[in-house]
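Kindly produce the complete structure, drawing on both the sequences and the hints.
Below, each chain spelled out in residue letters.
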Amino acid sequence: MKVLLVGDGARENVLAHSLEKSTKGYKVYALSTYINPGINSVVKTTGGEYFIGNINSPEIVKEVIKKVNPDFGVVGPEDPLFRGIADVFRQEGIPVFGANKKCARIEESKAWARELMWKYSIPGRLRYKVFYTIEHAAKFILEYGGSVAVKPAGQAGGKGVKVIADLEAYLTQDKREALTKSVNDIGSLYNKEGEPRIIIEEKVDGPEYTLHVLTDGKTTIPLPLAQDYKNAYQDGIGPETGGMGSISGPTELLPFINSEEYQTTYDIVKRTIDAIYKETGENYVGVIAGQMMLTELWGPTVIEYYSRLGDPEASAIIPRIESDFGEIIEFTATGHLSKARIKLNDQPSIVKAIATLGYPISKQMASGRKIVLDLDKMKEHGCMVFFGSVALEGMQLITKGSRALEIVAIGDFREASENLDKCIQYVNSDTKLIYRTDIGRTVEYQIEKAEIIRYSYKNREKRGILGVSADWSPNGGLW
Amino acid sequence: MAGILGILAFDDVWNVSRFLYYGLIGLQHRGYSRSGIAILNKQRNIFTKLENVAPEDLEIKDLNGWAGIGYAGIRNSYPMTVDNGAIVVDGIIDDTNILNQVIKEPEKIIDEIKKPISFIAISKEGQLIAYRDELGLKPLSIGGFGFDLAVISSEPTSMLVIGAEFKREINPGELVIVDKYHIESKQIRMPRKSYCTIEYVYQARIDSMVNEKDIYDLRVKIGEELALEYPIKADSVIGVPETALPFAIGYSRKLNIPLDLGFTRTGSPIRTMLSSDAFLKVVGVQLKLNPIKSAVKGKRIILIDDSMVTGTTLKNTIFNLRKLGAKELHVLIGSPKLISQCPYGVEVPEEKELISANLDDEKIARVLGADSIHWLSLEGLFRVIGHRNLCLGCMTKKYPW
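Order-wise, the sequence lines are chains U and X.
Using our numbering, you'd call the opening residue of the first sequence number 1 and step up by one each time.
Using our numbering, you'd call the opening residue of the second sequence number 1001 and step up by one each time.
None of these hints come from the bench; they were simulated from the model.
Partial list, computed: chain X residues near chain U (C-beta under 8 Å):
no.	residue
1	Phe1019
2	Ala1150
3	Tyr1181
Cβ atoms here follow ideal geometry from the backbone N, Cα and C, with glycine treated the same way.
Next comes the structure, spelled out in structure tokens:
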């Protein structure tokens, strides 16, 4: 069977890897914007072909579909989904793993996602306001009380989120001034005619986790939980990134999320799939994820939705799946998900992303750097390597400005992080490498944090006030 | 001893001056008679402000920048201007000229400074450079504020004050460099842990975590240990505010003797031990701690304090409690005897000023006017802390460096 994979990051490398490993003997064809060394190797081994071109262009994708005539397609990243690349496959009569443009709006427009949650009373929703102009958002920040998260109203590659806990009255002014100044930047990240630019919502706190759910429009299957580490630098300090690493497991849970919370989260995502159907009239086919936080307000609370697999969460989850994940992708695309069974390696996994100096603040500084690695040695130490924002140019690996590699180890958290430490020694560059030393090492701390949050939301549950909150300030009044 | 602090914003929309200011207030229990802030602005200039005042009295209106360092201490004038930046130091350095190279060659300087110090420097290039001595005598922690700030501080208390999250203690012998683009840490010297005992029993705030211990828990346990070592029949336990209150709570719990609040405070919570002037010290205590008559009248009292230097303040306290009708007064000290000075900058005076270095217990009790006096034993201290990697120089005259 021929599969056409669209995308170029580490997530697509993981997907390609599962297709390669499958007993169904898939021939993997791929379309990327540059030659991803990992995908390239899969394409070669399976006897497919590698196409280089704009993955966001419906015309180019259509051309490649015509050339390959695949049995099914896989669209990895969100941007092609937003541009209707999955729709192109379906228009050509090719089943595809990937949400239609209308369904992917759950990720593309944060404003729409929130509106949906409120309209359908989906639990785990936060109070929010949308703003069409930067001036109004800035005014709101200065006038209203409470701790807030300020975000671009649409997906902006995980960029631009500012979160301000306003618990110290004596610093309120300074924090709000900084926020007001950043509103310009945040507002420039998502700028679509006729749509809100900025969202301000109540700020919550707690351990974050992600639940991915596979759906073919009829059947849903939840994947094991994963947690991604957003701060760029070690110990959870530094600017926001798409994720500098992740953990998954043990079992389908995480050490700080119990099975009841897992179930509640699954229900939230299922209700979201239903709501999307009711709003758009389209079946959701592919993967939808709730990027969650355990909060004292709701317990499981939605921070964002993904319309695709999270990156680097995919690298933590998929290697733990022992059943034929390549086939599960096919089942999802073709509407046979009811036939799929997930058999899981109960041991946890850890992923570390490696970027070059400059990431995430200066893409330019992080681009065009050489990376050298000893794959065999890394494998000897029990690590898998997936290639992300790094291209094979001639015989060299050249960075493209984002996270270049994701390395994965399976085993209990301590053992896995030690293996990863060893593997990182085999990665070199002509500049400094940026990666976090603490991934998988702060589990105890998060267990404690979750336990404290659990007291409060259980108490709210008992009193029947889950999700009830408000802020008040003399200038802004109640919201 | 001193409180040192460094804050760096990853995005220069931030003005961190007020964060430094409030962060320093969260450290002023470590020294409040001199304080200062150095701040780096967008034009890569560093402005420094230092005065002989407590951090809360520092005038910061003109300071504006996205990164900076701060100091709250007693003797030294920090932040000190160095080549290409500024620096704050916790500890004693004989020749501060050496610090001029700290920004260019931090590792070399660390090698040359033969003293246990922690420091934080800021460079004009926008780097925070922090180091903790290999003995861990001087505490240092790192934390963050959302996606926006990195914070390095003597104690997590300053992070709590500004809403930042404490992440971890910096290891003894570890150098940490923070700039916009990365955080790098390097173990420059192998740790030879020898934590300052005074941090545990007196110096650190009770909402802190220092030297791998939650200070409040540890001090309650010291109180319980005192109860095991010296169970005294009494009607009430009173702790000298504020540092000795957790000891009193532990003692009271263990022996089921009620805890009373024997004092109320007048004026600001400055720390008497830090005052260099003996007269001010007495004024400080008497002004600060006013005993409450109905809490002590007709009662046999256990009075717990964290340490005793000359005994003068305790003598006055006991006199005042007797005057209000205390029937018996037994004094317990939540630390072993102080018998020698600290060469590393903790405010323990020289031997001739230390009452317990010069008199035996019976004589001390006579001086104080107490019915009895007892100190936490060294073994008791080890039991509570759970290890012996401690600097006990002021209690044993054996110094680790």
